[in-house]
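Participant: Converting from the sequence shown to the working numbering requires adding 23 to each position, the first position being numbered 1.
Any given hint might turn out to be false.
To be verified - Derived BS3-like pairs: lysine-lysine, alpha-carbon spacing no greater than 25 angstroms straight-line: (1) K300 / K198; (2) K145 / K155; (3) K145 / K324; (4) K151 / K198; (5) K198 / K211; (6) K211 / K155; (7) K211 / K152; (8) K300 / K151.
Stated by the list, open to error - Derived DEER-like restraints, expressed as beta-carbon distance ranges: (9) V59 / A309: 34 to 40 angstroms; (10) V59 / P183: 24 to 30 angstroms; (11) Q302 / L215: 19 to 25 angstroms; (12) I316 / G147: 20 to 26 angstroms.
In case anyone wonders, no lab produced these hints; they're calculated from the structure.
Cβ atoms here follow ideal geometry from the backbone N, Cα and C, with glycine treated the same way.
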Amino acid sequence: MIKRFVKNFNDSVGVAQNSSFAKNLWVFVPVFLILVLLTVLIYNHYADFTWSNFVAGFNQEFLVFFAIGVFAQLVDGTLGMGYGATSTSFLLAYGVPPAVSSTGVHVAEMFTTGASAVSHHKFGNINKKLVKHLLIPGVLGSITGAYLLSDVIDGDVIKPFIAVYMMILAVVIIKKALVKNIVKKKTKRLDLLASFGGFMDSVGGGGWGPIVTSTLLGRGRDPRYTIGSVNAAEFAVSFASGVTFMIFGGISGWQVIIGLILGGVIAAPLAAFLVNKIQRKPMMIAVGILIIILSLRTLSKLI
Numbered sequence: 024m025i026k027r028f029v030k031n032f033n034d035s036v037g038v039a040q041n042s043s044f045a046k047n048l049w050v051f052v053p054v055f056l057i058l059v060l061l062t063v064l065i066y067n068h069y070a071d072f073t074w075s076n077f078v079a080g081f082n083q084e085f086l087v088f089f090a091i092g093v094f095a096q097l098v099d100g101t102l103g104m105g106y107g108a109t110s111t112s113f114l115l116a117y118g119v120p121p122a123v124s125s126t127g128v129h130v131a132e133m134f135t136t137g138a139s140a141v142s143h144h145k146f147g148n149i150n151k152k153l154v155k156h157l158l159i160p161g162v163l164g165s166i167t168g169a170y171l172l173s174d175v176i177d178g179d180v181i182k183p184f185i186a187v188y189m190m191i192l193a194v195v196i197i198k199k200a201l202v203k204n205i206v207k208k209k210t211k212r213l214d215l216l217a218s219f220g221g222f223m224d225s226v227g228g229g230g231w232g233p234i235v236t237s238t239l240l241g242r243g244r245d246p247r248y249t250i251g252s253v254n255a256a257e258f259a260v261s262f263a264s265g266v267t268f269m270i271f272g273g274i275s276g277w278q279v280i281i282g283l284i285l286g287g288v289i290a291a292p293l294a295a296f297l298v299n300k301i302q303r304k305p306m307m308i309a310v311g312i313l314i315i316i317l318s319l320r321t322l323s324k325l326i
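Generate the whole structure from the sequences, applying the supplied hints.
Facilitator: So this is what it looks like as structure tokens:
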């Protein structure tokens, strides 16, 4: 009996340790990858991280990018969509080139989505099974899109198409907000949904949330766990596309990147806290209208 008690005790301790280890992985992995990324960036671009360059870069433009980062992360963290669409629309309207804009958004998202994933885990907003279904297909789609944009597609040529694509995403967001009665349905082919969302997110500078989150919410899934899970999976998607951009296209526009990172990381915990505190539909409509206005401004400047 004593041996059986000891065995049962050891088994229960082992299960608890494994459970604790698995639970901590959701925090440890994003934090570890972010630290590794930051170390690599500083090592490869140390000249850009000098105090004099930092002070010189801290000007009005930096504050604009910082404000965009805060606003975009609040939108994304509370609605489960809109970081890329919001930040890309603002950056294009401000005059930032498409390649710099998309690279800046995705490199910044490597940090902001990591902070968002940790924050949503802390507040218990993650469905781990859903994250696992979205992870690999989303990563493969994002890598393909990032490679095409950085090494194949001309950014100046695609700029008007990105603006039109952003307006389409805005219409999707508004349409989902206006749906009154959502009938719960089983979501089929999550792999195709995640692949398409990851691909369009990389090519267009946004789309993971409006495509994946809006589809899942339209199928009647619980908003809290859907938003938290899609945000958690977005960390891997953004990390993959950001690394692809860095390998094939290099990095430019440090003011954009650092401004978006600082603004997004600061706003991520607040957004995760507010996910159940705000009225989603008015917020979605307002964000959709804002994106349409910014995209029209970008098109008018091109014309």
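Participant: So, against the hints stated earlier in the document, which numbers end up violated here?
Facilitator: 3, 4, 10, 11 and 12
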